[in-house]
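Peer 1: With this note's numbering as the guide, the letters of the sequence shown map in order to residues 2 to 313.
Keep in mind the hints are simulated off the structure, nothing from the lab.
Fair warning: there could be bad hints in the mix.
[To be verified] Quick list of simulated restraints, FRET-style, between CB atoms:
{"no.": "1", "residue 1": "Gly-219", "residue 2": "Phe-123", "range": "46 to 56 Å"}
{"no.": "2", "residue 1": "Val-71", "residue 2": "Val-292", "range": "36 to 46 Å"}
{"no.": "3", "residue 1": "Phe-32", "residue 2": "Thr-222", "range": "14 to 24 Å"}
[Said to hold, decoys possible] In silico DSS-like cross-links for lysine-lysine, where the CA-CA straight-line distance does not exceed 30 Å:
{"no.": "4", "residue 1": "Lys-3", "residue 2": "Lys-132"}
{"no.": "5", "residue 1": "Lys-132", "residue 2": "Lys-70"}
{"no.": "6", "residue 1": "Lys-4", "residue 2": "Lys-70"}
The beta-carbon is built from N, C-alpha and C at its ideal position, and this holds for glycine as well.
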Amino acid sequence: MKKYVGHISLFCASFIWGVNAPLTKNTVAAFDAVGSMNNAVDPLTHSLMRWGGAMVFFWILSFFTPREKVRKKDWPKIFWAAMFAVVCNQSGAVFGLLNASPVNISLISSMAPILTMILAAFVLHEPLTGKKIFGVSLGALGAVILVFASRAGSAASGSLFGDFMGFIAMLSFVLYLTLFSDIIERYSPVTLMKWLFTFSFIVGLPVCLPFAVEINYGSLTVSFWWQMLFVVFGATFLAYFLMPVGQKVLRPTVVSMYNYVQPIVATLLALMMGMEQFNVLKLFATLLIFVGVYFVIKSKSRAEVLQEHGLE
Numbered sequence: 002m003k004k005y006v007g008h009i010s011l012f013c014a015s016f017i018w019g020v021n022a023p024l025t026k027n028t029v030a031a032f033d034a035v036g037s038m039n040n041a042v043d044p045l046t047h048s049l050m051r052w053g054g055a056m057v058f059f060w061i062l063s064f065f066t067p068r069e070k071v072r073k074k075d076w077p078k079i080f081w082a083a084m085f086a087v088v089c090n091q092s093g094a095v096f097g098l099l100n101a102s103p104v105n106i107s108l109i110s111s112m113a114p115i116l117t118m119i120l121a122a123f124v125l126h127e128p129l130t131g132k133k134i135f136g137v138s139l140g141a142l143g144a145v146i147l148v149f150a151s152r153a154g155s156a157a158s159g160s161l162f163g164d165f166m167g168f169i170a171m172l173s174f175v176l177y178l179t180l181f182s183d184i185i186e187r188y189s190p191v192t193l194m195k196w197l198f199t200f201s202f203i204v205g206l207p208v209c210l211p212f213a214v215e216i217n218y219g220s221l222t223v224s225f226w227w228q229m230l231f232v233v234f235g236a237t238f239l240a241y242f243l244m245p246v247g248q249k250v251l252r253p254t255v256v257s258m259y260n261y262v263q264p265i266v267a268t269l270l271a272l273m274m275g276m277e278q279f280n281v282l283k284l285f286a287t288l289l290i291f292v293g294v295y296f297v298i299k300s301k302s303r304a305e306v307l308q309e310h311g312l313e
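With the hints as extra help, turn the sequences into a complete structure.
Peer 2: The structure is reproduced here in structure tokens:
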């Protein structure tokens, strides 16, 4: 039952992040363009608003949940987990979306399950089973086909800096999944995320505040604030609350496979908004992704392999 809850939580978080990508692109602008716009802020102000808003929401929620004491030796791990899971991941994503095309960012993101599978094998000693390799490869193929089928005819240009920041965002999240699995399992989602966003806000404050105070908040439109509310409450607080629920009961490779849900969500939104048309290729790509996820879920974990050989 716990695994089903984990899958539902990760699917919901990935769905929210899929919706969040176009909203983030709508609410952020280049530093030199912010002054002439009334519906966007610069990337650093955007990041600080996300971290500060999520920090407040998680602290409020913590007053209504059982209090957990963090072990002294875990504080350095929690700090570095914040740097990978929040600071590098979110700031890299926002700079990537601002400077690179959605095609490039989607393709870069599709590398996450592959890197997670490799790192999990070396760091966590997770077995590289045939099902797992086949499932990850199938999902990656489906994601690539879906991205190109959805963006055919659109410009795929973008700066090298944007592509690099998208890669940093993806890699930092992969490292978080594999290097900090022990604290993810040890603490509740509220406790963990409360401190991750607190550390992120503290670290980001001296860098981001000089830009944040320059914003003319009175000129920002109502549309901006509604979209920003979704970014902060939905894509940051709610999604980051749901994510550790799945991480506590599922293996890193399985968790990372939900990264493929995001291009599916983006495509469905575009179809509903009349921006794209449905075709057989998109259906085929979506089926490849779901079949790939199924094979990874059904692959054997390290504990199951050890049990089979009588080593546990």
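Peer 1: Compare the structure with each hint and give your call.
Peer 2: Against the structure, the hints:
no.	hint	result
1	Gly-219 - Phe-123: 46 to 56 Å	holds (52 Å)
2	Val-71 - Val-292: 36 to 46 Å	holds (40 Å)
3	Phe-32 - Thr-222: 14 to 24 Å	holds (20 Å)
4	Lys-3 - Lys-132	holds (22 Å)
5	Lys-132 - Lys-70	violated (39 Å)
6	Lys-4 - Lys-70	holds (26 Å)
In this structure, the one hint that does not hold is number 5.
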